[in-house]
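These protein sequences, in sequence, are chains E and X. The C-terminal residue of the first sequence carries number 263 in this note's numbering, and the numbering is unbroken. The C-terminal residue of the second sequence carries number 1156 in this note's numbering, and the numbering is unbroken.
Simulated from the structure, these hints should not be mistaken for lab results. Idealized CB from N, CA, C, for every residue including glycine. One should not assume that every hint holds.
Said to hold, decoys possible - Every beta carbon over 12 Å from chain E, so not counted as near; a handful from chain X, in silico:
id : residue
1  : R846
2  : Q868
3  : R878
4  : S892
5  : Q915
6  : Q921
7  : D958
8  : A980
9  : S1000
10 : K1002
11 : P1004
12 : L1009
13 : A1010
14 : P1026
15 : D1050
16 : R1094
Unchecked claim - Chain E regions said to be covered by chain X (calculated; three or more residues, Cβ under 8 Å):
id : region
17 : 10-23
18 : 55-62
19 : 149-163
20 : 224-235
21 : 248-257
Claimed, not checked - Okay, derived cross-link-like pairs now, DSBU-like style, lysine-lysine, Cα gap no bigger than 30 Å in a straight line:
id : chain 1 : residue 1 : chain 2 : residue 2
22 : E       : K146      : X       : K1017
23 : X       : K978      : E       : K57
24 : X       : K953      : E       : K192
25 : X       : K1017     : E       : K162
26 : X       : K1035     : X       : K1155
27 : E       : K232      : X       : K862
28 : X       : K978      : X       : K1155
29 : E       : K232      : E       : K162
30 : E       : K39       : X       : K1125
31 : E       : K104      : E       : K201
32 : X       : K1125     : X       : K1155
33 : E       : K232      : X       : K953
34 : X       : K1017     : E       : K55
35 : E       : K57       : E       : K89
36 : E       : K192      : E       : K232
37 : E       : K104      : X       : K1017
38 : E       : K232      : X       : K1125
39 : E       : K104      : E       : K39
40 : X       : K862      : E       : K192
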Amino acid sequence: MNLYVLLKMVPDTVEELNVAGDNRSLDAEYLRFKLNDPDEHALEQALLLKEKHGGTITVVTLDAPEVDDALFTALAKGADRAVKIPADQAALGTIATAKAFAAFFAALPAPLAADALILPGSQAVDDLEGEVAAYLAELLKLPYLGVVCGVTAVDGKVTAVKEFSGGLRGRFEVPMPAVLGIQSAEKPPRYVPVAKVRAAMKAAKIETAAIEPPGPARALDLDHMYKPEPTGRARMLEGAPEEVAARITEVLAEHGVA
Amino acid sequence: MSTAILVLVEQLRGQVADITFEMLGAARKMAASAQRPVHAVALGRDAAGLATRLGAADSVLVVDDPVLDQPTAEAAVAVLQQIMEQKQAGLLLLGGTNVSFGLGTRLAARTQLPFVNFCKGARTDGDALVLTSQLFGGKILSDVKLAQGRGIASIYPGAFPADAGRSDKTPAVEKLALAVPAPKVVFQQYIEPEAGDVDITKQSVLVAVGRGIQSADNVQLAEELAQTLGGAVCASRPVIDQGWLPLSRQVGKSGMTVKPRVYLAFGISGAPEHWDGMQNSECIIAVNTDPKAPIFDGAHYGVVGDAVELIPLLNEKIHAKKG
Ligand SMILES: Cc1cc2nc3c(=O)[nH]c(=O)nc-3n(C[C@H](O)[C@H](O)[C@H](O)COP(=O)(O)OP(=O)(O)OC[C@H]3O[C@@H](n4cnc5c(N)ncnc54)[C@H](O)[C@@H]3O)c2cc1C
Ligand SMILES: Nc1ncnc2c1ncn2[C@@H]1O[C@H](COP(=O)(O)O)[C@@H](O)[C@H]1O
Chain E
6 MNLYVLLKMV PDTVEELNVA GDNRSLDAEY LRFKLNDPDE HALEQALLLK EKHGGTITVV
66 TLDAPEVDDA LFTALAKGAD RAVKIPADQA ALGTIATAKA FAAFFAALPA PLAADALILP
126 GSQAVDDLEG EVAAYLAELL KLPYLGVVCG VTAVDGKVTA VKEFSGGLRG RFEVPMPAVL
186 GIQSAEKPPR YVPVAKVRAA MKAAKIETAA IEPPGPARAL DLDHMYKPEP TGRARMLEGA
246 PEEVAARITE VLAEHGVA
Chain X
834 MSTAILVLVE QLRGQVADIT FEMLGAARKM AASAQRPVHA VALGRDAAGL ATRLGAADSV
894 LVVDDPVLDQ PTAEAAVAVL QQIMEQKQAG LLLLGGTNVS FGLGTRLAAR TQLPFVNFCK
954 GARTDGDALV LTSQLFGGKI LSDVKLAQGR GIASIYPGAF PADAGRSDKT PAVEKLALAV
1014 PAPKVVFQQY IEPEAGDVDI TKQSVLVAVG RGIQSADNVQ LAEELAQTLG GAVCASRPVI
1074 DQGWLPLSRQ VGKSGMTVKP RVYLAFGISG APEHWDGMQN SECIIAVNTD PKAPIFDGAH
1134 YGVVGDAVEL IPLLNEKIHA KKG
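Isolated chain X (complex conformation) (with noise of 0.2 Å):
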C-alpha cells in the first residue's frame, strides 16, 4: 500500500487551526510503515504562504482560486475529486470539525471509497489501516479496517499530538491548476458572535450546566454559585438549545473553548463536542448522577450525585466559609 496519503490544511479567516497539524502528524505515523508520501492540500489565494509551516508534508499541493477563499464546501469537494484522482491518493484526512463537516461523506460518495467518521486512533495492519473511531457521545469505540489503507477519515480534534506534526523542513509547493466549479450554496458572510454580558473564555472559574440541570429555575441556582465563587456560568449545546442561557455561554465544539483554573460540570455527559471546548481547563469536577457517565473519565474529580441538590448545599458551604 504505497498509495499517497492528502491531508487536507483546515484554515478558517486565514488562520491555520490546529487540526491540520495533528492530522500531519497522523499521516506521518499512518505513512510511516508503508512508505506512502505524505501531500498536504492549501486551498484558496494565500494557500502558498502556508507552505513554511507544513513541513511535516512531503509536498504542498496548491489551488489558489480565489472561490477557495470562501468556506464553501462544494468548491472543496471539486477539487479534492480531482486531486485524489490526479495523486492516485489512496487516503484523504479531513477535519472533524463544523468547517469541513460534509466534506468526506461527499467526496465518498464520489469516490465510492469508504469513509470513517470520528476517527481518534490509527495502527496497520499488514496491509490495511484500522481506524479507531468514537460513537455513542463516547461511550462505545468502533474499529474499521481499510483495505489497502484507502478510504476517507475524519479526525477527531485532540485526538493526535499537533506536535508531531509540526517541523521546520520546508516543502516541495506543487501548484494545480484544476476547474473550481462556481458553488450553488453561495457564502454571504460571517456572523460575529454575539458579544455576550460575560466573556466566559476569561473567567477563572466557570459553573457549567447540562441537561441533568433540568429546568431554567435550576439554572438560576447555578447562577447564584456562579456569584458566590466570583465566576460565571456557561453551558452545553442543550441547555443554550433550550434558550435557557445565550449562546455567548456555549461551551465545546460550536461554541467557545475554555480553560478555567476550576471547571465545575453539573449534568453534563462529557460528550466528545463537549469535552472539546473544556478539556484543558486545569481542574474538572464533575457532578452527574450516572457513574458511568464518560465525563468522570476525563474529570479530576467526580460526584455522584444530583446536581439540582449539591448546587445550593455548595453555595451555601462557599459563603459559610467566607463568613
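Looking at chain E on its own, in the form it has when it is part of the complex (with noise of 0.2 Å):
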C-alpha cells in the first residue's frame, strides 16, 4: 500500500498559554511543541497496515518548531520517506494548510494510486477553521472519513471504523485512494528507543517538497483571542498530602460515599 501519514506540532496544553501582542496567536516564547496525539495513531495504524500488506509510509510535514525529531522518530519506527513541505505551519490557517497538502499530492510524479491511503489525525487543538483531512479530500476530490479508530484492506477496498458516542462505532467500506483522519490505532502507538532514532538522524534523510508555498493566510476574521474568566471556580484544598487527604475524606462522607 502507498501510505502518506501528516503529521503536526501543537503547543503543548498543558504547559501555560499566553496570548501575544497581537492578540491573535499564541505568545511563542514559551510555547512547548508535541507532535498531534492522533498522528500518533495515524503512524501506529500505517506502521500496523504495512505489517500486513508490505508497501511504503511517507510522512509529510510542513515546517515547524521540533518536527524533524517527529520526522526521526517515524523513520526510526518503519516509515520510508519523511519529506517536509517548506512552508510555516505557524502562519497557515485549516485551509491554506489543505491547500500546501493539495498542492504536495498534486504535485506527485504520478497520480494516487489505487492502493494509497492519506492518514492526517482526525482533529487539532487549534482547529479553529475545521479539520485539514476533511478540506483535503475536498480538494483531492477523495472520499472521506473522520474520527476513524481502527483500518482493514481487503482486496483494494478498506474497511474503517468510525466512533459515534458512548462506546457505539460503525463500519464503513471505503474505495481507494481515500482520505482518512484518524482518532486512535487499533494498537496503542510503539515506543522506539532513543538509540534508534538517534541512528535515523545519522542514516536517513528529510527531503524539501519541491511545491510553491501556498497562498492567503488566513479564511477566518479572527478577532482576537483571550484566555477564558474563570467561571466557578473550585475550592481548593491545601496543605500537607496527608492533610489533603483527610479533607478529602471528609467531602466524600458529605456525599454519602465510604
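Now that you have both chains on their own, put them together as the hints suggest.
And the structure:
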C-alpha cells in the first residue's frame, strides 16, 4: 500500500498558554511543542497496515518547531520517507494548510494509486477553521471519513471504523485512494528507543518538497484571542498531602460515599 | 442581515440528540435582533415525524430519502448544500459531535462560506455575528466575526441551554425533493459498545485517571482506591488509547456520559471532550499538578498536587476510617 501520514506539531496544552501581542496568536516564547496525539495513532495505523500488506509509508509535514525530531522518530519506527513542505505552519490556517498538502499530492510523479491512503490525524486542539483532513479530501476529490479508530484492507477496499458516542461505532467501506482522519489506531502507538532515533538521524534524510508555498494565511476574520475568565472556580484544598487526603475523606463522607 | 438560519437536526438511530435543541435555542438567540427565519433541517424517512418536537423553528425542512437514514456524512453534505442554495440561507448550525464531524469543513469547502469550529458563545455586533470558540483544550477563547452573519458554525455540546430550543408550537413542514447522491463511503453496520465488566454509568463513585497517572502500575493504585470506595475506575482517552483500561471505561465525547455522586479526577486536564462526559457529576474533586488546569474551573474541589502520591494516602485514610 502507498501510505501517507501527515504529522503536525501542536502546542503542549499542559504548559501555560499566553496570547501574543497581536491578540491573534499564541505567544511563541514559552510554547513547548509536541506531535498531535492523533498523528501518533495515524502513524501507528500506517505501520500496522504496512506490516500486513507491505508497501511504503511517507510522512509529510510543514515546517514547524521540533518537527525534525518527529520525522526522525517516524523513520525510526518504520516510515520509509520523510518529506517537509517548505512553508511555516504557524502562518497558515486550516484551509491554507490543506491547500499546501493538496499541492504536494498534485505534484507527485504519478497520481495517487488505487492502493493509496492519506492518513492525517482526525483533529487538533487549534482547529478553529475546521479539519485539514476533510478539507484536503474536498480539494483532492477523494472519499473521506473522520474520527476513525481502526482500518483494515481487503481486495483494494478498506474497511474503516468510525466512533460515534457512548462507545457506539460504525463500520464503513471506503474505496481507495481515500483520506481517513485517524483518531486512534487499533493498537497503542509503539515505543521506539532513543538509540534507534539517533541512528535514523545519521542514516536517513529529510526531503524537501519542491512546491510553491500557499497563498493567503487565514480565511476567518479572527477578532481576538484571550484567556477564559475562570467561571465557578473549585474550592482549593491546601496543605500537606496527609491533610489534603483527610479533607477529601470528609468531602466523600458528606456526599454519602465511604 | 435577514438571510435564513438553518439548524441540522442531529439524530443517531432515530434518537434526536439534545444538541439539536441547544442549536435551536442558539439560532433563536442569533435570529432575534436580526429577524432571520430559523429552519430546522431533518433528514431521513422518519424526519417528518420529528416536526412536533421542533417547534422552536419557524419551519421544518424535510428530505425523506432512505439513503439519509444511514449515518453517511457524504449524502448529508450534498443535501445541505442544495438546501442552503435553495433557501438562500446565510448561516448553518451543526452539532459539534462525532456524528456531525467533518460536515462543516466540507460544506465550507464547497460553499466558500467561513466555517467556525468549537463555538460556545454568540452575540450580534451591528450586521455581524461574533462567535466565541474554545481552543487548546479549553485554555484559550477566540472571537471570530462573521460579516452579515454568514457562515457555518459547529456548536459545542452543552454550551447553549437546550430549554431555549424547546417549544409546544407546531412548525410548518416542507418536504423537499432533492437529488441524493449514492455515497462512495458506504455504511455497513453499527458496532455495539463492548459490554464491559462494570457499567461505569451506574456507579455512585468513580475514580477517574488521566494521562497524569503516567503508568499502568499507577492505574492499579486507582483500582485499589475504587475498591475501597465501592466504586469503579474510569479514564480519559489517552489512558484508554494506551491500552491501560478497556474502552468501556472511557468517559467523554466518544465514550460514556456519567453522573456519579462523586467523580474523583486524577491527572485529567479537563479538555472539553472529557468534560462533556462528566460535567453533571454531583461533586467533582480534581487533583492536578498544574494550578492552571482547566478542570479546576469546573470542579467543586481542587487539589494542586501529585496524583500518584495522593491516591495511596487517600486509600489508607479511608481504610483507617472504615476501621
Ligand atoms: C473527536 C474527539 C473525541 C474525543 N473523545 C474523548 C473522550 O471521549 N474522552 C476523553 O477523555 N477525551 C476525548 N478526546 C481527547 C481530549 O481532547 C483530550 O485530549 C483528553 O481528554 C486529554 O486527556 P487527559 O486530561 O488525561 O490528558 P492531558 O490533557 O494530557 O492532561 C494530563 C493532565 O495531568 C496533569 N498531571 C501530570 N502529572 C500529574 C501528576 N503526577 N499528578 C496529577 N496531575 C498530573 C497535567 O497537569 C495535565 O493537566 C477526544 C478528542 C477528539 C478530537
Ligand atoms: N501544519 C501541518 N503539518 C502537518 N500536518 C498537518 C498540519 N496541519 C494539519 N495537519 C494534518 O492534519 C491533521 C488534522 O489537523 P487539523 O486540521 O489542524 O486538526 C493533523 O493531525 C495532521 O495529520
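Going down the list of hints, with the structure as the test:
1. R846: violated (8 Å)
2. Q868: About 23 Å separates Q868(X) from the closest Cβ of chain E, which puts it past 12 Å; holds.
3. R878: Answer for R878(X): holds, closest chain E Cβ roughly 18 Å.
4. S892: holds (28 Å)
5. Q915: Non-interface label on Q915(X) holds, nearest chain E Cβ at 16 Å vs cutoff 12 Å.
6. Q921: holds (22 Å)
7. D958: violated (9 Å)
8. A980: violated (7 Å)
9. S1000: It holds; S1000(X) is separated from chain E by about 26 Å at its closest Cβ, greater than 12 Å.
10. K1002: The claim holds: K1002(X) sits with its nearest Cβ about 29 Å from chain E, beyond 12 Å.
11. P1004: holds (27 Å)
12. L1009: The claim holds: L1009(X) sits with its nearest Cβ about 24 Å from chain E, beyond 12 Å.
13. A1010: holds (26 Å)
14. P1026: violated (3 Å)
15. D1050: holds (16 Å)
16. R1094: The claim is violated: R1094(X) sits with its nearest Cβ about 5 Å from chain E, within 12 Å.
17. 10-23: holds (count 5)
18. 55-62: That given contact is violated, which follows from only 0 residues of the region 55-62 of chain E lying within Cβ reach (below 8 Å) of chain X.
19. 149-163: holds (count 4)
20. 224-235: Three-residue rule met by the region 224-235 of chain E, so holds; n is 11.
21. 248-257: holds (count 7)
22. K146(E) - K1017(X): With Cα atoms ~11 Å apart, K146(E) and K1017(X) stay inside 30 Å; holds.
23. K978(X) - K57(E): violated (48 Å)
24. K953(X) - K192(E): violated (33 Å)
25. K1017(X) - K162(E): Since the Cα atoms of K1017(X) and K162(E) sit roughly 11 Å apart, the hinted pair holds (cutoff 30 Å).
26. K1035(X) - K1155(X): holds (23 Å)
27. K232(E) - K862(X): Holds, at roughly 24 Å.
28. K978(X) - K1155(X): violated (57 Å)
29. K232(E) - K162(E): violated (46 Å)
30. K39(E) - K1125(X): holds (19 Å)
31. K104(E) - K201(E): violated (34 Å)
32. K1125(X) - K1155(X): At roughly 34 Å apart (the allowed maximum being 30 Å), K1155(X) and K1125(X) break the hint.
33. K232(E) - K953(X): holds (14 Å)
34. K1017(X) - K55(E): The given pair, whose Cα atoms are some 24 Å apart, holds under the 30 Å limit.
35. K57(E) - K89(E): holds (27 Å)
36. K192(E) - K232(E): violated (36 Å)
37. K104(E) - K1017(X): Holds - the C-alpha atoms of K1017(X) and K104(E) are around 23 Å apart, at most 30 Å.
38. K232(E) - K1125(X): The given pair, whose Cα atoms are some 11 Å apart, holds under the 30 Å limit.
39. K104(E) - K39(E): holds (23 Å)
40. K862(X) - K192(E): violated (44 Å)
Checked against the numbered hints listed earlier, the structure breaks hints 1, 7, 8, 14, 16, 18, 23, 24, 28, 29, 31, 32, 36 and 40; every other hint is satisfied.
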